[in-house]
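*Asks:* Kindly generate the complete structure, drawing on both the sequences and the hints.
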Amino acid sequence: MNADKSISDNTASDGYGRNSATTSSNNSSHGASSESTSSDGTSSPRNRLADLPDDILAQIFEVLSDTSPRDLCNVSLVNKTWHDVADSILYQDVHFEKPEHHLVFGESLTRRERRGSAIHYASLEYPASELSHLSLDGHIANTHYTPEHFDSLSRTISTMSNLRELEVSVPVNLLHGIGALFNGPFDLACLKSCSLFYQCPDNAYWDLRENIHIFAHPTLETLFIRRAKLDYRGFDFNERPHELPLKKLHLIECDISDDALSDILELPKALEEFVMTQSTEPTPELEESSDNLGDYMVALQSQCESLHSITIDFPTMGSRRSLRMRDFVALKVLRVNWDWQLFGRKSKKPRLDSFGVPPNLEILEFFNELGTDEEVTELLDYLKATSTVAARAVSTTLAKSINKTLANRPHLLSRKRVDSCTITLT
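The numbering used here numbers the first residue of the sequence shown as 1 and each following residue consecutively.
The set of hints was computed from the structure by calculation and includes no laboratory data. The structure presented is a predicted model; accordingly, all values stated were derived computationally and were not measured. Treat the hints loosely; a few may be bogus.
The list that follows gives simulated cross-link-like pairs (lysine to aspartate or glutamate, DMTMM-like), each with its CA atoms no further than 25 angstroms apart [unchecked claim]:
#1 Lys248 / Asp295
#2 Lys80 / Glu125
#3 Lys247 / Asp263
Pairwise CB distance ranges, derived in the manner of DEER restraints [unchecked claim]:
#4 Asn162 / Glu375: 53 to 59 angstroms
#5 Pro282 / Ala189: 33 to 39 angstroms
#6 Pro282 / Ser395: 42 to 48 angstroms
Glycine is no exception: its CB is placed at the ideal position from the N, C-alpha and C atoms.
*Replies:* If you want it as structure tokens, here you go:
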């Protein structure tokens, strides 16, 4: 479940939701109680709990957070010490459901500047209608960006110095500001996983060039991009980082040029998983994407020694000739839509070569019906008869299309933490 915690509760002068007079009284009581004893000369249980070191309190509060974040919110109001310890746990995972949430959070940084550094997981998800009535040029404490060039949401994210996972699903008018964060040398220096989707009018594709520096992020390992477009220029900058740690790349209902993809994939040191999906009836019409599956396999060639899994769920994509994939020595799993995509679409010219099977392939699956081309059926049967790798890998049981699942999935970044760790700011 999600616990509701209002940051506006922390507006009092002591910084943890209680007025200064009450704080003074409680702090005095807290200090004096450490020396009080019971009738038998031993410390009372309440005092022993108060005397625990912060690292022990943190472990106790972590357990309480797993059980009930709301109770941990209440515990944080007991005294300043407990508030400081609980604060670092409560704000590890923050979900901004409305733009007011990040504005309130930004204001809270004026009182507690280090709160941003406590956040490890941030999710920003709200429609354009929620943004229209708000001013995004307000003051945000503890950020080096100015309101003249960056909206307050981007400046708030910049304070999250220990952020590990970022999930963005916001209106497209925030595209430029967030994209600029990926170009900063000291921003989001701990980021490991990122999901990007910007809502455009008429469900159009957003311009990935505004966020292109996400591909050059020095710590990023997992990247999900949904409904973006990118033309042939790719990563066209003089400074090109290499051997980046990106391991997993998903392009979900995107309009990406194969030339751009080839350019981008020169940056990772060892990409392990690649997924590209598109709907059965792409809307709007694709402008940058190639209609040939072989072009994307060529684009993936720079990662042929490290890729373990390739999934291309793109039912409208054609194939001009047989795929050559013998250089993909690490590939274990290959999933495509049609069996004929392996051998090329039927034409007046005869097929002169066969599918080049990756030498260590273990699973070859198809999302669409097999046997729509009799010649391909014969070629596939012959391939299985002559190649032990193909015979072992080919599955005649159709795989379930993943595009609709990924395109409509509320949270693209899978998390092992329990839901109760998520704090929804209201």
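*Asks:* Now tell me if each hint is right for this structure.
*Replies:* Taking the hints in turn, this is what the structure says about them:
1. Lys248 / Asp295: holds (20 angstroms)
2. Lys80 / Glu125: violated (32 angstroms)
3. Lys247 / Asp263: holds (16 angstroms)
4. Asn162 / Glu375: 53 to 59 angstroms: Hint holds: Cβ distance 57 angstroms, inside 53 to 59 angstroms.
5. Pro282 / Ala189: 33 to 39 angstroms: holds (37 angstroms)
6. Pro282 / Ser395: 42 to 48 angstroms: violated (27 angstroms)
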